[in-house]
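S.K.: For the record, the sequence lines run as chains Y and A.
According to our numbering, the first sequence holds residues 1 to 393 in order.
According to our numbering, the second sequence holds residues 1 to 339 in order.
Derived from the structure by calculation, the hints contain no laboratory data.
Hints are not guaranteed to be accurate.
[To be verified] Some, not all, of what chain A presents toward chain Y, calculated at C-beta under 7 Å:
1) M104
2) G142
3) L243
4) P305
Here a beta-carbon is modelled for each residue, glycine too, at the ideal position from N, C-alpha and C.
One letter stands for each residue in the lines below.
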Amino acid sequence: MASLPEPDRTREWLSTMTLIRRFEERAGEMYARAKVGGFLHLSIGEEATIVGSARALRDSDYLISTYRSHGHALVRGTPPENVMAELFGRVDGCSGGRGGSMHMFDLSRRFMGGYGIVGGNLPIAAGIALSSDYRDTDEVTLCVFGDGASNQGTFGETLNLAALWKLPVVFMVTNNQFGMGTALRRHSAVTDLQRKGESLGVPGMRCDGMDVLDTHAVLAEAVARVREERCPVLVEAVTYRFRGHSMADPEQYRTKEEVALWRERDPIPAFAELLIGEGVIDEAERERIDAEAIARVDAAVEFAEASPFPAPESLYDDVYVLDPNVRGRYSAQTSEEQANRARTAAAAPEDSAQAANDEIPQQLTQALAAGEDGGETSATGSSAAGSSAAGAS
Amino acid sequence: MAQMRYREALNAALREELGRDERVILMGEDIGVFGGAFKVTDGLLEEFGEKRIRDTPISENTIVGVGVGAAMTGLRPVVELMTINFALLAFDQIVNHAAHIHYMFGGQVRVPLVVRMPQGAGHQLGPTHSHCLEAMFLHVPGLLVAVPATAADAKGLLKSAIREENPVIFIEHESLYGVRGEVPEGEDELVPFGLARVAREGSDVTIVGVSRMALTAERAAETLASEHGVQAEVIDPRTLRPLDLDTILESVRKTNHCVIVEEGWPHGGVGANLAALVSEQAFDDLDAPVQRVAGADVPMPYSKPLEDIAYPHEPQIVHAALAALGTRADAAGAQGATR
Ligand SMILES: Cc1ncc(C[n+]2csc(CCOP(=O)(O)OP(=O)(O)O)c2C)c(N)n1
């Protein structure tokens, strides 16, 4: 086991892991109550990979993630209020309600986004690192993706290019054992993922992603090496996703026993007990940390509830950076057509939100009963809001 | 004014913008040591060095994605894809990422990226190397699409593209690289986006020609004038997004007839789109339905006689213009002007 860093830091790690856990538990509840639409991918069980890795970064470093990225926004310091508001689709969301669960973003904290396309973030990470190098900084980019993403073309393409161009990227594959419902050994010929970059010139490392200390120690080494040598490394963080892939996942592809076994290694209680054992915190402080997280999440929900939906008139905003000197039309639709759309839409949202409220818990039950891995029956309801009605990926 | 080939005009635009703005970098397959598959980037590696002129592996999707990431963090990357056909491998980064990042993240970040590539048939390269796909990019909100037909526009539009705040799909034409034209000199001679070029004035029929077809339409207009006494107005939109629809509509209000010419496929094509817009917004000014001339609705064949008839030429434009004007179409047909 890695040696214990200063008490202030380890306390903060525990607090942040706890915040992410409580936040996501609540997000799941809000989803069941149809406050949250679309897909919701939770990283419950994977918190040590998030906090251990992000705390190996400086504020000036970049972090880029996937559609499973609530924790990545939170760990970078994006207020839970804005992350929850994004889930609720409100204007105060960290992407202005445009992205949702899969597309969190906070430029001010150098959290360069969640991306809905599996493997889509790898090339972008390389581009960010290229720009760090070009500006002669010693910034590092941490690029997080799943074991499933390691089969994408962008994985091979980007690792090769990053090694060739000596780009300062730490590629972290969060091996949570599954790509949706497909187990690692059923989707990857090489299951020793840290080795998957070897033929591309990217050396590998591995950490215990259930242990925040080990994750931090390995990532700190990786980040230091990348910062110094300006060459990429690949780190495999071995972990487990306690919940379904998304909320509409009947989990037919694994046994309850397997999940229970991994849950025994839950990174949060494990770390809390370690800190208690080492005398860094006591039981009372552990409870206080948890209570604080819960209170913070309560506040986030309250904030998100109070935040307005984006105005219909904002629908066409930010498709382009508009240049007022340009004579031509950016849109195929005239400004009159755009305004009309906003006017006619104005009546609809409340009805559809209500419809979604009624239907979603039922859909979830159906999904669970149907036992499909993202199949048609799992969540193909008729929700007017489109919430969770789009399958299970 | 200087006489330049289209290729040289592009090269000059890149050279000037590289010299003017440190943030500009070039990336692409064989753009450096090899000098570019079509020699557009010739000499730039020697002048600007490896840090700025970057040969890449053959990884289209990733090269574009690297451009996206670099553009999000302050650079102004110009990515060359060897031809438009290979852009299909980069569609994820172009559509899901470059085009949507500004919107999807609530306007927090911009993607000032240029993706350049040539398109077009005529060199017997068969189905995987000859297509015209501007309609696919035009379809996507978030992208700007430039289709220069002349050397002057190639230079002026590319300079504007590099200074743009939005991602630009910059579509060159393989058959135009060697064509000469007058190009205004000067660092700041830009061609603005969203401003059509009226290539020829006329009062009888409006012909809109896209990319290379702007030039083919000009030649057709000469034939229409000399052989049929028809004065065609030829408009080259130069950028499809932003689109200078007003110039097209003004022309249609004057001529009351409209023909749209493109090299790409007809279904869901640029012509279909422009025809709809013209019909919606100038219906009362039209004396006849809008005519479209497009590529054949087939993959591009290799064999020369087949390839020749698979994309539009001057006689088809003449025929379409006469058809739009009514009775004289038959006469044209009788003369065997159509292919
Ligand atoms: C290009 C692409 N293909 C398929 C999907 C659907 N999908 C979403 S998540 C996922 C599994 C990805 O697994 P992994 O990379 O291991 O990440 P994890 O979900 O386990 O965090 C799939 C197939 C997608 N979003 N993008």
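S.K.: Would you mind marking each hint as holding or not holding in the structure?
M.R.: A quick look at each hint next to the structure:
The criterion of a C-beta within 7 Å of any C-beta in chain Y is met by M104 of chain A, whose closest approach is roughly 5 Å, and the hint holds. A least Cβ separation of about 6 Å between G142 of chain A and chain Y falls short of the 7 Å threshold, and the interface hint therefore holds. Against a cut-off of 7 Å between C-beta atoms, the interface hint on L243 of chain A holds, since the closest Cβ of chain Y lies about 5 Å away. Annotation: P305 of chain A was flagged as interfacial toward chain Y, and the flag is violated, the nearest CB pair being 38 Å apart, outside 7 Å.
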